[in-house]
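Below are the chains, spelled out letter by letter.
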Amino acid sequence: MQAPVHHIIALTTIVRERTLPVAGKVLARLNQKVGPADVVAEAKWAREHVLLDVARILRISPNAADRLLKVKADDTIAASTEVAAGKGLFPRSVQAPREGRVVAAGAGQVLMETGETRLELHAGIPGTVVQIIAERGVIIQTAGALVQGVWGNGRIDTGILVNLAERPDIALTPGRIDMSLRGSILLGGPIKDSETLQAAAETAVRGLVISSLVPSLLPLAREMRFPIVVTDGFGILPMNSAAHKLLASNAKREATLNAEVFDRYSGARPEVIIPLPISQDPARPREMDTFAPGQQVRLRRPPSAGSIGTLTAIKPGLTLLPSGLRAPAAEIKLENGESIVAPLVNLEVVG
Amino acid sequence: MTSSMLEGESLLAVDIGATTTRAVLFDVVENEYRFVASGLAPSTAEAPIKDVSEGARNAIARLQEIMGRNLLDAKRELITPGQANGAGVDALIVTLSAGPTMKAVIVGLLADVSLASARRLAETIYTRIVETISLNDRRKPDQLIDALLRVKPDLIIVAGGTDGGASRSIQKILEPVGLASLLMPPDKRPTMLFAGNQKMESAIKSLVGSLEKFTHFSPNVRPSLETEDLDPAARELARIFVNVRKKQLKGVDALDLWSKRHILPTGYAVGRMMRFLSKVYGASKGILSVDVGASASMISAGFKGKSTLNVYPQFGLGENLPGLLNYTSLEDILRWSPLELSTGTLNDYLYQKSLYPSSIPATKEDQALSQAIARQALYLAMQTASRDFPRSASTLQAGLAPLFDPILAGGAILSDATRPGESLLLLLDALQPIGVTTIILDQNNLLPLLGAAAARNNLLPVQVLESGAFLSVGTVVAPVVSVNYGTIILRAKLMYENNTEARADVKYGSLETLPLPSGQTGKLTLQPEHGADVGFGPGRSGTIPVSGGALGVIFDGRGRPLNLPTDAVRRRELIKKWRWTLGGE
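Going down the list, the sequences are from chains C and X. Throughout, our numbering is defined as the position within the first sequence, counted from one, plus 313. Throughout, our numbering is defined as the position within the second sequence, counted from one, plus 381.
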């Protein structure tokens, strides 16, 4: 049976596509070295639109209004610019209420986009631009340690990784966050309360890598200005030992948190990247595998959710589970020596 | 109907769900179509594979392993037509529910008329209505444009105006819709279905101008104020759904080619089957089909040829699970659990399961949570769908479900359940049927496939339905009455074919069963007490023929609507007792 792969890798080649949501201008060059905060592409984005019904305002037909228009599509106009003027002794005038760009003019109407903002696309990871995607963005390659998460709040930042979780199950609490951690990325276990998130915000940390988050904190976590990567799930779960070991061993190194929102269709996932020096490109991570004895696996659901173990045998046929369901299953030897049976659909290969 | 179908040859049906892809072979056995076998594989719409045809190939490969018959060639292409050596199949049909929920905007003139029809139309496929625009909308056109740009719809459904009726209002309302579409990047533009005033087609084409290729037309869903006809528009919407999915999901176009364009949305295929069944088996009662899946919960009902179809992604058991809490509370879900579990545990479960929709409960606690969630999701789906049931549908008491017979149930949580009694209790709790009804479990999830197959071969669904491919769980008798707990509300006598008999006294608040194995028939005499109504009228007795099933005849004396005890300990004890009565632990 095909096995999904959860990436927790000490050294690998990481290739990531970074694209704008709308067409724009790519600023980065091919083979350019970029840092996570570098702007690689930008686009102009209009937040609002204004529809001027010239024909109605001038009380004339749409065709007649078109003949009176003084602007055309793509014109950039200042506030109060006369868009059209009527005729007669006391002609009415139609003016642009705000500064903006004309996106369409015709049928007696003028549609403007206003409130234009510049949308900046950051590289997100340190690396080399290996491909330019015209008008959209870039593909960046780097090498280093990679830990995938299951939830992210959509932010990106870089900082020195500080380990506040001596054990994978030690909750991150406000008392553990002090001003000496300003500008750092904190590695912690579960977060159970809003005070911890607020303490992190007040300390101006660069990010959090935590094992789990109680669901009631999700709205607040989304509001945080720094990235949050959750490695294992929701509720109070310890960090899986593979991720904890790898992250703890990379403490005091610079880490990039790309807390991208998990999208199962595009494959976008939150992740922690720790760039490492290399002499030659390490292998790229495999995306799929086939379940086989000897593999390191992570359990997605109880019992032992989040635990890492070794797949020792795939059971023949269907196995009766304690839940009463029958499913293809495997025997897993957990790190504490205990052996359990888990359905294959609840497993993912670590690697 | 193709010539090969006329000759009665093989049909491969593939259902691509959010988590599982099934390949099912129907073939002629002893001059009749039969369900032969099925192969399952994980669906592959999501990353990293991102190609639904891979999951289909894997499921077909599994099927050929099971049957020892080659269906794919060395390049994993479908062998078609069937070969003399037994390899291949003559035809393929596909049903599809995988993929992200489509964001739909509905546009109509009046809330209770065209907008209601547009909403019903949208609910025939896997959509979430993200914006509603009507004549009563107070927003300015530019605000509507910005609202549409914010929600980035996949689909815009427009209804409004009786044929030859209002046109200027529709044009006015469509102007901002057209402008918003124009402002979107071409690859992100929504598809628009115009199902309103038929006299407006050329005016609409002229209004949308260059957007015409994104615009589809169907017969009016409201040809007059009094009439609603969703079927032709639903058919067009089903086609649009597949075309949108082609853009969203790799591999749909390959399957479209293989199947010679015989791909349907799974829900729509079920709706078609229900229309067909209500015509064939239509009686004074309605027929009901329910399905609880990862992508959606689905309710389809047929009433003397008239049918309803409601697909609710918000009540699906997969990636949308946390959204269930927008419609219900944790406490209301947990009321169904036989185990003492905390709301925190349930909340964590909902979010964790949404990360891994294909995962299954491995522990008793997880199974209890999974079953409780499915009950509440199906309960909500049924309550929501009931607003669309015709007012003329027979019932025993206002506010209760219409009379249905049979009720067909599908979806992995029901078909994979540990025992039929567990599925039955879930259905009784969530649907709360009244009177006498037969419960049939679609244990191989064939119903949508038969609905899709019906377009090519109308013989196949009938013959497969009658072949025993579905599991009859039993005949349920649910009296409607309100008395004190423990009062006898029904005395029943079941006369077997061998003239032996069994009796049951049903007390209010209890579940009882009388055995009647599958394949056997009997005569059931029902004598209600205290004015209870089982469909013969309050307090009236009657005798009906019944057919056997896995659990025989089941008497649900728990009252309608079902009110569970508020005391949690007593409630859990009762649930355990009911589970035990139906063969559970």
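No lab work stands behind these hints: they were computed from the structure. Fair warning: this is a prediction, and the values are worked out from it, not measured in the lab. Don't take each hint at face value.
[What the hints assert, rightly or not] List time: in silico SDA-like cross-link candidates among lysine to any residue, alpha-carbon distance up to 25 angstroms:
#: 1; chain 1: X; residue 1: 569; chain 2: C; residue 2: 630
#: 2; chain 1: X; residue 1: 553; chain 2: C; residue 2: 346
#: 3; chain 1: C; residue 1: 346; chain 2: C; residue 2: 410
#: 4; chain 1: X; residue 1: 533; chain 2: C; residue 2: 430
#: 5; chain 1: X; residue 1: 627; chain 2: X; residue 2: 744
#: 6; chain 1: C; residue 1: 505; chain 2: C; residue 2: 422
#: 7; chain 1: X; residue 1: 521; chain 2: C; residue 2: 398
#: 8; chain 1: X; residue 1: 553; chain 2: C; residue 2: 435
[As the list claims (entries may be wrong)] Anything over 10 angstroms on all C-beta distances counts as not near chain X; from chain C, calculated:
#: 9; residue: 330
#: 10; residue: 368
#: 11; residue: 380
#: 12; residue: 402
#: 13; residue: 426
#: 14; residue: 447
#: 15; residue: 467
#: 16; residue: 482
#: 17; residue: 535
#: 18; residue: 581
#: 19; residue: 596
#: 20; residue: 614
#: 21; residue: 634
#: 22; residue: 649
#: 23; residue: 655
#: 24; residue: 659
Yeah, the Cβ is synthetic: ideal placement off N, Cα and C, and Gly gets one too.
So, going through the hints one by one against the coordinates:
Distance hint between residue 569 of chain X and residue 630 of chain C is unfulfilled; the C-alpha atoms sit about 45 angstroms from each other, more than 25 angstroms. For the hint pairing residue 553 of chain X with residue 346 of chain C, the CA-to-CA distance comes to about 53 angstroms; that exceeds 25 angstroms, so the pair is violated. Pair hint residue 346 of chain C plus residue 410 of chain C does not hold up; C-alpha atoms about 44 angstroms apart against a cutoff of 25 angstroms. For the suggested pair residue 533 of chain X and residue 430 of chain C, the alpha carbons sit about 19 angstroms apart, so the restraint of at most 25 angstroms is met.
A C-alpha spacing of about 38 angstroms is found between residue 627 of chain X and residue 744 of chain X, which places the hinted pair above 25 angstroms, so the restraint is violated. Proximity of residue 505 of chain C to residue 422 of chain C is assessed by CA-CA distance (about 54 angstroms); at most 25 angstroms being required, the pair is judged violated. This hinted pair checks out: residue 521 of chain X and residue 398 of chain C have alpha carbons roughly 23 angstroms apart, not beyond 25 angstroms. A threshold of 25 angstroms between alpha carbons decides the hint, and for residue 553 of chain X with residue 435 of chain C the separation of about 42 angstroms lies outside it, so the pair is violated.
The beta carbon of residue 330 of chain C sits about 12 angstroms from the closest Cβ of chain X, which is more than 10 angstroms, so the claim that it is off the interface holds. With a least CB separation of 12 angstroms from chain X, residue 368 of chain C remains clear of the 10 angstroms interface cut-off, as annotated. With a least beta-carbon separation of about 20 angstroms from chain X, residue 380 of chain C lies farther than 10 angstroms from that chain, consistent with its non-interface assignment. No Cβ of chain X comes within 10 angstroms of the Cβ of residue 402 of chain C; the nearest lies about 31 angstroms off, and the non-interface call holds.
Non-interface status of residue 426 of chain C relative to chain X is broken: a Cβ of that chain comes within 10 angstroms, the nearest being about 8 angstroms off. With a minimum CB-CB distance of about 14 angstroms to chain X, residue 447 of chain C clears the 10 angstroms threshold, and the non-interface call stands. For residue 467 of chain C, the requirement that its beta carbon stay farther than 10 angstroms from each beta carbon of chain X is met, with the minimum near 16 angstroms. Remark: the non-interface label on residue 482 of chain C is consistent with the geometry, its nearest Cβ contact in chain X lying 15 angstroms away (cut-off 10 angstroms).
The beta carbon of residue 535 of chain C is kept farther than 10 angstroms from every beta carbon of chain X, the shortest such distance being approximately 13 angstroms. Residue placement check: residue 581 of chain C does not keep its beta carbon more than 10 angstroms from all beta carbons of chain X (closest about 8 angstroms). Look at residue 596 of chain C: its CB is around 16 angstroms from the nearest CB on chain X, clear of 10 angstroms, so calling it non-interface holds up. For residue 614 of chain C, the non-interface assignment is contradicted: its Cβ lies about 5 angstroms from the closest Cβ of chain X, within the 10 angstroms cut-off.
Non-interface call for residue 634 of chain C relative to chain X: violated, since the shortest CB-CB distance, roughly 5 angstroms, does not exceed 10 angstroms. Every C-beta of chain X lies more than 10 angstroms from that of residue 649 of chain C, the closest at about 18 angstroms, which supports listing it as non-interface. Taking the minimum C-beta to C-beta distance to chain X, about 6 angstroms, the non-interface status of residue 655 of chain C is violated against the 10 angstroms cut. At roughly 5 angstroms from the closest C-beta of chain X, the C-beta of residue 659 of chain C falls inside 10 angstroms, breaking its exclusion from the interface.
Of the numbered hints stated above, those contradicted by the structure are hints 1, 2, 3, 5, 6, 8, 13, 18, 20, 21, 23 and 24, listed in ascending order.
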